[in-house]
Amino acid sequence: MTVPLSAYLILSAFLFFLGVVGVATRRNALIVFMCIELMLNAVNLSFVAFARSLNSMAGHVFVFFVMAVATAEVAVGLAIIIAIYRNRETVDVAELNLLKW
Amino acid sequence: MELAIFAGLAAVAAVSGVLVVIQRHAVYSALFLIITMGALAGLYILLEAHFVWAVQVLVYAGAIMVLFLFVIMLLNLPREDVPWRPDDFRRILIGGALAVVLVGELVLALLFQAGEQAPALPASPGFGTTETIGRLLFTEFLFPFEVTSVILLVAIVGAMVLAKKQLL
Amino acid sequence: MIDLWWIPIWPLLGFLLLGFFGRRLRKSTVAAAACGSVGLAAVASLVAVGGLLSLPAGARRVEGVIAPWIQVGNFQADWGLLLDPLSAVMVLVVSVVGFLIHVYAVGYMHDDQDFPRFFTYLNLFTFSMLMLVLANNYLLLYVFWEAVGLCSYLLIGFWFERPAAAGKKAFIVNRVGDFGFGLGVMLLWTTLGTLHYEQVFALAPTQLPAGGGLVTAITLLLFLGATGKSAQLPLYVWLPDAMEGPTPVSALIHAATMVTAGVYMVARSSALFNLAPLAMGTVAWIGALTAVFAASIALVQTDIKRVVAYSTISQLGYMFLGCGVGAYASAIFHLATHAFFKALLFLGSGSVIHALGGEQDIRKMGQLKARLPHTSRTFYWAALANAGIIPLAGFWSKDEILAAAFAGHRYLLWALGSAGAFMTAFYMFRLYYTVFEGKDNLDPPAAHQVHESPPVMTYPLLVLGAGCWLVGALFGFPPDHGLYHRFVEPVFAAAGTEPHAISPEATLGLAAVATAIAALGIWVARAWYKTGDNPAPAQAAERHLGLYRLLWNKWYVDELYTAAFVEPIRRGALWLWQRFDEEMIDGCVNEAGEMFRDAGQLLRRTQSGYVMNYVLGFLAGVVVILGYLAFRG
Chain A
87 MTVPLSAYLI
97 LSAFLFFLGV
107 VGVATRRNAL
117 IVFMCIELML
127 NAVNLSFVAF
137 ARSLNSMAGH
147 VFVFFVMAVA
157 TAEVAVGLAI
167 IIAIYRNRET
177 VDVAELNLLK
187 W
Chain B
96 MELAIFAGLA
106 AVAAVSGVLV
116 VIQRHAVYSA
126 LFLIITMGAL
136 AGLYILLEAH
146 FVWAVQVLVY
156 AGAIMVLFLF
166 VIMLLNLPRE
176 DVPWRPDDFR
186 RILIGGALAV
196 VLVGELVLAL
206 LFQAGEQAPA
216 LPASPGFGTT
226 ETIGRLLFTE
236 FLFPFEVTSV
246 ILLVAIVGAM
256 VLAKKQLL
Chain C
-13 MIDLWWIPIW
-3 PLLGFLLLGF
7 FGRRLRKSTV
17 AAAACGSVGL
27 AAVASLVAVG
37 GLLSLPAGAR
47 RVEGVIAPWI
57 QVGNFQADWG
67 LLLDPLSAVM
77 VLVVSVVGFL
87 IHVYAVGYMH
97 DDQDFPRFFT
107 YLNLFTFSML
117 MLVLANNYLL
127 LYVFWEAVGL
137 CSYLLIGFWF
147 ERPAAAGKKA
157 FIVNRVGDFG
167 FGLGVMLLWT
177 TLGTLHYEQV
187 FALAPTQLPA
197 GGGLVTAITL
207 LLFLGATGKS
217 AQLPLYVWLP
227 DAMEGPTPVS
237 ALIHAATMVT
247 AGVYMVARSS
257 ALFNLAPLAM
267 GTVAWIGALT
277 AVFAASIALV
287 QTDIKRVVAY
297 STISQLGYMF
307 LGCGVGAYAS
317 AIFHLATHAF
327 FKALLFLGSG
337 SVIHALGGEQ
347 DIRKMGQLKA
357 RLPHTSRTFY
367 WAALANAGII
377 PLAGFWSKDE
387 ILAAAFAGHR
397 YLLWALGSAG
407 AFMTAFYMFR
417 LYYTVFEGKD
427 NLDPPAAHQV
437 HESPPVMTYP
447 LLVLGAGCWL
457 VGALFGFPPD
467 HGLYHRFVEP
477 VFAAAGTEPH
487 AISPEATLGL
497 AAVATAIAAL
507 GIWVARAWYK
517 TGDNPAPAQA
527 AERHLGLYRL
537 LWNKWYVDEL
547 YTAAFVEPIR
557 RGALWLWQRF
567 DEEMIDGCVN
577 EAGEMFRDAG
587 QLLRRTQSGY
597 VMNYVLGFLA
607 GVVVILGYLA
617 FRG
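Chains as they are written, first to last, in this note's numbering: chain A, 87 to 187; chain B, 96 to 263; chain C, -13 to 619.
So here's chain A without its partners, still in its complex pose (with noise of 0.2 Å):
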């Protein structure tokens, strides 16, 4: 392996950092929803290259598990989405205060 550690982990700061900054700033609720899951792949790498480089498949096991919850995640994420759509006709998040009665 001639590519650093520090590389993939600065790659995955990155990544992360693009899914946090999309989190904290769109409106549109589907593309806040992908901003999420940028942010899960950028940690799925990070555990992927520490397995590597520790030379242990926890790491791996670990992606595994992220994946299965991010697909549950989605799932249930965008049935809420299109519940909330068919009762407000939109997607816009600084249009959905439900939180506050």
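Be aware that a few hints might be false.
[Stated by the list, open to error] In silico SDA-like cross-links for lysine to any residue, where the CA-CA straight-line distance does not exceed 25 Å:
#1 K260(B) with A169(A)
#2 K260(B) with R174(A)
#3 K260(B) with E181(A)
#4 K259(B) with V162(A)
#5 K260(B) with V162(A)
#6 K260(B) with L182(A)
#7 K259(B) with E159(A)
#8 K260(B) with V152(A)
#9 K260(B) with E175(A)
#10 K425(C) with G518(C)
#11 K259(B) with E181(A)
#12 K355(C) with V510(C)
#13 K259(B) with D178(A)
#14 K259(B) with E175(A)
#15 K259(B) with A93(A)
#16 K260(B) with A165(A)
#17 K260(B) with A180(A)
#18 K260(B) with N173(A)
#19 K260(B) with E159(A)
No wet-lab data here; the hints were simulated from the structure.
Dock chains B and C against chain A, hints included.
Leaving out everything else, chains B and C in the frame of chain A:
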């Protein structure tokens, strides 16, 4: 050679990641996200994570993103032409600042604590193969593995209930 | 010997039966249950006292614990009953006189729509009173002391449709006394560590120095309770007002039984009182002063029941005088005879009121002798007995008390008592002559319907009348050595009471003086009121107008109390309510609420409800935590 491949894939991932965030329409975001994930899948091959590579392509770039596209098309969203809100600027500023600080902290943490790791060992035989992962999943990680199935079941039921028309 | 709980159980059962099912039963059933239960209690007490008599004179004491009650640390109180000669006398008075009054009440209350409720209360009262006199410890005594107070309250206010402040007054005034009583009992317990009579009286002489402050405090506190319950100065004010209740209630509770509980309690605690000469003196003086004071008010009152009520207060004063000079047995004897003739006086008054359709003003009565033959005859006997004419009941007991005061060289007390005796004779016969003889002042519509009461009312009168004749002479002769004294005296001798020595000649002389005084009173009353047109009373009233007004207004005691206690407390309470409670307490609470509301108003701005803002907050939290993790080491 490996470094060049890494640089290429990393550049693709980073650029398409940026594009995911700045697209005005969700469909483009989703397409760029697929590209990012594909690039990441390539990196997984570099890291000798064969099983993870397969799953990344199948589940992430395949299933999940298809689901996204499905929903986007189902909702048939217009282009995001909502007017600029007065608090958008403030939010972007605060969110961006927080994200920068966060990543700064992450990099510091990774470089100063993880960066002092010993050079990578040569991969042991069977590293990253389906067989090894399967063995691990059914021995050491059996219980989380089973719990995962419960989570998926709950997600299936929840998604069906939430997406039904009569809800709310 | 039967178990003692057979005595109070019957009225309790009657109370439960009538209380739960009284409204569904026929009137005759209610009457039978009420009278029957008290009658059974009377039979049971007669049997029990018979059993007591079969024991040797020194050992007449039966104690039985029904069930343990309270056991906390070294404190123990049981549902324990005690029958000794003292409580035997009380039990007999309560159950026998109570039974007669129950029978009478069947007739008196016959047309009342709350007939079952009345007898429910009456049975509850009888049960409580029996338990009060049978209790073997101070705590149980206290419980039933309050219970009879409750019954008294309920029965004074029996006709609750009418505005009835009297019940409340009785209750509140009694609270003052009961407060003292409660304190006394607590002090007794902290001092001796027990409330059981036997242990208290056994420990008292050794633990409490005679004449010491502690025993004086205890006895004075107990006596404060007695002044409340037994309507003595200064807490007597509730009893005249209590006459608002039905007349059988006045007879049973406010003449014969409940009001004598204070006398009983003092006599029961004689072992303690004997150790406190100061308290004894207080008891004697309060008693004597009350006797004269109440008698003086009775001289001029015109409400038939109120005259009898003041007479009751006065006679209770004699009982306390007896206790105060150490003649406990005579005091209890007077209690017993008084129960007969005062119950009779009340029932006779009730019969008159019944006959006149509710009229209570004696100025609107007169010439009832022929129309109410049984009532007038028995009332006459009772008046004689109350006045203390030989050989009726009152003579023996009152004479003993006065003789005891004389023998103890308490000549001033004796003089007060004798003055009271003169007034007693006068007001009793003023009442008798005005109501049954004198001039016919009846209102025309009432005059038309005057009729003698039904037999269910007159028979109890006749039985009580016979009691007036017999009880005194049968048990009280010769004075201080009769059957009664031989029965009861050992109780007080065991409590350390010193017998008062008095020569037979002196006894005879004092009896003669007392009789002469009573006869004089009766003679004056007869001269003034017999014909009904003698101007002497009016002239006397005019000549001493100030005194007359003073007596007519009952020495202005009610007004004094109103000004001194009721109004300040009412105003204080008003202030506490409007200023302290509403403004300060409520203000504090409201301010606290306001504070949280204001804080909430401030904090709710952070809760915009927009997901974006929560994401930013979440992110900030992650930054902080991660910062900590990154920089901590």
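Hint by hint, here is what the structure shows:
1. The suggested pairing of K260(B) with A169(A) holds, with an alpha-carbon distance near 8 Å, which does not exceed 25 Å.
2. The straight-line distance between the Cα atoms of K260(B) and R174(A) is roughly 13 Å, inside the 25 Å bound, and the hint therefore holds.
3. With a CA separation close to 21 Å, the supplied pair K260(B) and E181(A) stays within the 25 Å bound.
4. A distance of roughly 12 Å separates the Cα atoms of K259(B) and V162(A); the hinted pair therefore holds under the 25 Å criterion.
5. Taking the CA atoms of K260(B) and V162(A), the gap is near 15 Å; set against the 25 Å cutoff, the hint holds.
6. Restraint check for K260(B) and L182(A): satisfied, since their Cα atoms lie roughly 19 Å apart, inside the 25 Å limit.
7. Restraint check for K259(B) and E159(A): the C-alpha separation of about 17 Å stays at or below 25 Å, so the hint holds.
8. Annotation: proposed proximity of K260(B) to V152(A) is violated, straight-line Cα distance about 30 Å (limit 25 Å).
9. Between K260(B) and E175(A) the CA atoms are separated by roughly 14 Å; this keeps the pair inside 25 Å, and the hint holds.
10. For a cut-off of 25 Å, the pair hint linking K425(C) to G518(C) stands: about 5 Å separates their Cα positions.
11. Restraint check for K259(B) and E181(A): satisfied, since their Cα atoms lie roughly 22 Å apart, inside the 25 Å limit.
12. Between K355(C) and V510(C), the direct Cα distance comes to roughly 20 Å. Compliance with the 25 Å bound is thereby established for this hinted pair.
13. Proposed proximity of K259(B) and D178(A) is supported: the alpha carbons are some 21 Å apart, at most 25 Å.
14. Of the supplied pair hints, the one linking K259(B) and E175(A) holds, its CA atoms being roughly 16 Å apart against a limit of 25 Å.
15. Pair hint K259(B) plus A93(A) does not hold up; C-alpha atoms about 45 Å apart against a cutoff of 25 Å.
16. Straight-line distance between C-alpha atoms of K260(B) and A165(A) comes to about 11 Å, which keeps the hinted pair within the 25 Å bound.
17. Annotation: proposed proximity of K260(B) to A180(A) holds, straight-line Cα distance about 24 Å (limit 25 Å).
18. At most 25 Å may separate the alpha-carbon atoms for a hinted pair to count; K260(B) and N173(A) meet this at roughly 10 Å.
19. With a C-alpha separation of about 20 Å, the suggested pair K260(B) and E159(A) falls inside the 25 Å cut-off, and the hint holds.
Going down the numbered hints, you'll see the structure goes against 8 and 15, while the others check out.
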